[in-house]
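Novice: Here is what each chain is made of, one letter per residue.
Protein chains: 2
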Amino acid sequence: MHVVRCKVCKEHEAILKLDTYRLNLCQGCFDDFVLRRTKKGIRDFKMFGHSERILVAVSGGKDSLGLWDVLVRLGYKADGFYIDLGIKDYSAESKRLAREYADKNGLTLHVRSVPDDFDGLGIRDIAWRTRRKPCSVCGTLKRHLMNRIALDEKYDVLATGHNLDDEVTTLFGNTLHWQVEYLGRQFPVLPAVDEGLQRKVKPLIYLGEKEMAAYVMVRGIPYIYEECPMAKGASSLFYKDVINQLEAHSPGTKLAFLKGFFDLRERFRTEQERPTLTSCTRCGTLTTTEVCAACRLKERLAPPTDAGGVD
Amino acid sequence: MHVVRCKVCKEHEAILKLDTYRLNLCQGCFDDFVLRRTKKGIRDFKMFGHSERILVAVSGGKDSLGLWDVLVRLGYKADGFYIDLGIKDYSAESKRLAREYADKNGLTLHVRSVPDDFDGLGIRDIAWRTRRKPCSVCGTLKRHLMNRIALDEKYDVLATGHNLDDEVTTLFGNTLHWQVEYLGRQFPVLPAVDEGLQRKVKPLIYLGEKEMAAYVMVRGIPYIYEECPMAKGASSLFYKDVINQLEAHSPGTKLAFLKGFFDLRERFRTEQERPTLTSCTRCGTLTTTEVCAACRLKERLAPPTDAGGVD
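Protein sequences, first through last, are from chains L and P. If you count by the working numbering, then the first sequence holds residues 53 to 363, one letter each, in order. If you count by the working numbering, then the second sequence holds residues 53 to 363, one letter each, in order.
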């Protein structure tokens with residue numbers, strides 16, 4: 053039987069083919085590839101140094117657990133942060149997996165719960181009651197809680213597991229609608245605005261979905277396989293499919309699209325990039341408005357007919 | 053049986069559904085729709101006036117014949133220009149159809165032939181001998197011949213039948229590869245550079261492929277149905293398919309993508325937009341180089357081993 057050899061070590065049997073790079077790799081060389089691609093991302097965009105305290109946003113999925121694992125192996129001081137979104141089975145299972153990984157590796161995992169903060173309500177109910185889209189509510193609350201914990205626990209950097217496919221998908225959607233404001237802000241490093249809004253980084257910028265799935269499998273890390281049930285029918289899933297067709301038609305398209313964008317991203321930056329930030333009058337988080345987005349959500353939840361509302 | 057009525061006149065039976073506009077139209081109202089959309093394009097981009105002499109590039113396909121027909125019906129002074137590219141049956145048939153339309157409507161059609169100008173060679177042979185892609189050679193020669201005839205015959209404007217789908221496809225490809233230079237130049241009107249390079253316009257910017265096919269059918273204009281045989285496998289055909297998926301997923305995407313781009317196109321303009329133009333030392337056409345692109349093609353065709361070369 054014909055055995056495909058690893059193109060790097062030329063010794064072991066290849067277990068994975070990376071189409072973008074026309075590269076067949078064995079388990080060891082693939083592992084090395086993931087570490088090197090992550091290091092390259094961190095270095096290219098000057099994300100952080102070994103002396104800084106990093107907080108990894110952990111969802112329990114392949115990307116965030118994989119990122120945490122890679123950062124720890126690369127010798128970075130990385131703790132985890134899990135947010136329970138109150139999405140029934142999905143949240144219970146993903147929390148269990150995040151906890152399991154932390155415990156097994158003797159790492160610190162901070163946990164915050166949206167229902168604890170919102171009278172027992174999860175994302176679905178909050179979205180329903182405030183008439184907003186679940187993904188929008190989820191984003192608002194995640195950003196809020198991440199900023200808070202980074203401030204409270206004095207972390208220098210917030211790292212998220214957004215991979216190449218995620219970033220290309222976001223860029224694709226923003227380009228298709230020419231969302232200039234979003235385009236101006238899309239970058240793997242967003243510098244700290246003030247001590248209340250820490251630097252945000254995406255170290256997996258050079259690694260795709262497929263690579264990250266293979267990485268956690270090779271490393272034997274159990275992760276939650278399902279997409280978030282609230283994301284069903286989201287345009288992003290449709291865009292991912294379209295982008296994969298473009299990549300199949302011409303391997304390397306994703307990476308070239310994203311890198312080409314970074315080269316000219318300045319063209320989308322606008323003058324009033326930096327709005328004035330003040331402390332939220334309710335919770336103290338830095339915000340551009342008097343009351344921050346999370347506190348405004350809470351206020352909208354207070355039922356007008358009920359005298360004993362949330363606030 | 054259930055008959056779908058025209059949404060505009062509410063009287064006649066609808067013959068076509070325009071998904072983008074959620075509009076069912078009868079034959080008469082559809083015809084009116086095409087005229088109005090063309091007028092809107094001409095007006096929005098200040099393309100030309102009724103006193104100007106327009107030269108329509110006619111390929112024999114639905115878009116260019118449809119455009120010519122619409123312009124004449126709108127009362128514009130529009131002559132046609134057909135270029136025989138020397139692509140065997142395809143050229144013979146498309147020339148016959150262009151001629152037929154002109155004769156039937158008593159219109160002036162200028163004809164130029166690439167083989168006449170290139171020792172009997174067609175696009176395929178020129179591409180092969182100069183080791184360039186056929187579509188690139190074709191574009192170079194078309195531009196060259198159009199500029200020449202506009203100069204010789206004193207036309208004010210050159211109009212091409214690029215429709216909404218064509219423009220969206222070009223924009224999509226240029227965006228995917230972030231071709232800043234091309235992006236800076238993509239617009240439905242390119243102003244005259246000098247008296248040797250006339251204004252170029254694309255009056256069908258607001259009309260899609262499907263609409264133009266329906267228009268020529270409704271008008272009973274015979275046109276060449278086949279895609280150019282040299283375009284087979286071109287990325288543009290693949291992109292069109294992808295873009296149609298995006299449009300089906302969210303009707304209106306094409307138009308919004310293109311219009312949104314026009315709004316921010318200035319961001320892609322570079323300083324050295326206007327290179328110095330001089331007359332080609334061989335043929336006199338305005339060019340940025342000493343010898344124009346068409347004459348350079350001719351020079352590259354001269355076989356180095358053959359003493360009696362083309363030049």
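Hints listed in this document are in silico derivations from the structure and should not be mistaken for laboratory results. Keep in mind that the hints are not guaranteed to be accurate.
Copies of the same chain look alike in the list, so a pair counts if it fits in one copy or across any two.
Using 30 Å as the maximum straight-line C-alpha spacing, the simulated DSS-like pairs for lysine-lysine come out as follows [claimed, not checked]:
hint: 1; residue 1: LYS98; residue 2: LYS185
hint: 2; residue 1: LYS292; residue 2: LYS311
hint: 3; residue 1: LYS292; residue 2: LYS262
hint: 4; residue 1: LYS206; residue 2: LYS92
hint: 5; residue 1: LYS156; residue 2: LYS194
hint: 6; residue 1: LYS62; residue 2: LYS140
hint: 7; residue 1: LYS140; residue 2: LYS59
hint: 8; residue 1: LYS156; residue 2: LYS62
Novice: Is it within, between, both, or neither for LYS140 and LYS59, if the alpha carbons may be no more than 30 Å apart?
Specialist: neither (45 Å within a copy, 47 Å between copies)
Novice: Since the copies are identical, ignore which copy is meant and state whether LYS206 and LYS92 lie within 30 Å (CA to CA) inside a copy, between copies, both or neither.
Specialist: within (26 Å within a copy, 58 Å between copies)
Novice: Evaluate LYS98 and LYS185 at a C-alpha cut-off of 30 Å and name the case that applies: within, between, both or neither.
Specialist: neither (34 Å within a copy, 41 Å between copies)
Novice: Between LYS62 and LYS140, at a C-alpha cutoff of 30 Å, which is it: within one copy, between copies, both, or neither?
Specialist: This pair counts as neither: shortest intra-copy Cα distance 47 Å, inter-copy 51 Å.
Novice: Give the relationship of LYS156 and LYS194 under a CA distance limit of 30 Å: within one copy only, between copies only, both, or neither.
Specialist: within (25 Å within a copy, 68 Å between copies)
Novice: Is the C-alpha distance from LYS156 to LYS62 at most 30 Å within one copy, between copies, in both cases, or in neither?
Specialist: Classified as neither: same-chain Cα gap 34 Å, cross-chain 71 Å, threshold 30 Å.
Novice: How would you classify LYS292 and LYS262 at a CA-CA limit of 30 Å: within, between, both, or neither?
Specialist: both (12 Å within a copy, 27 Å between copies)
Novice: Is it within a copy, between copies, both, or neither that the alpha carbon of LYS292 lies no farther than 30 Å from that of LYS311?
Specialist: Both ways: LYS292 and LYS311 sit 18 Å apart in one copy and 24 Å across, limit 30 Å.
Taken one by one, the earlier hints fail for this structure at numbers 1, 6, 7, 8, listed in ascending order.
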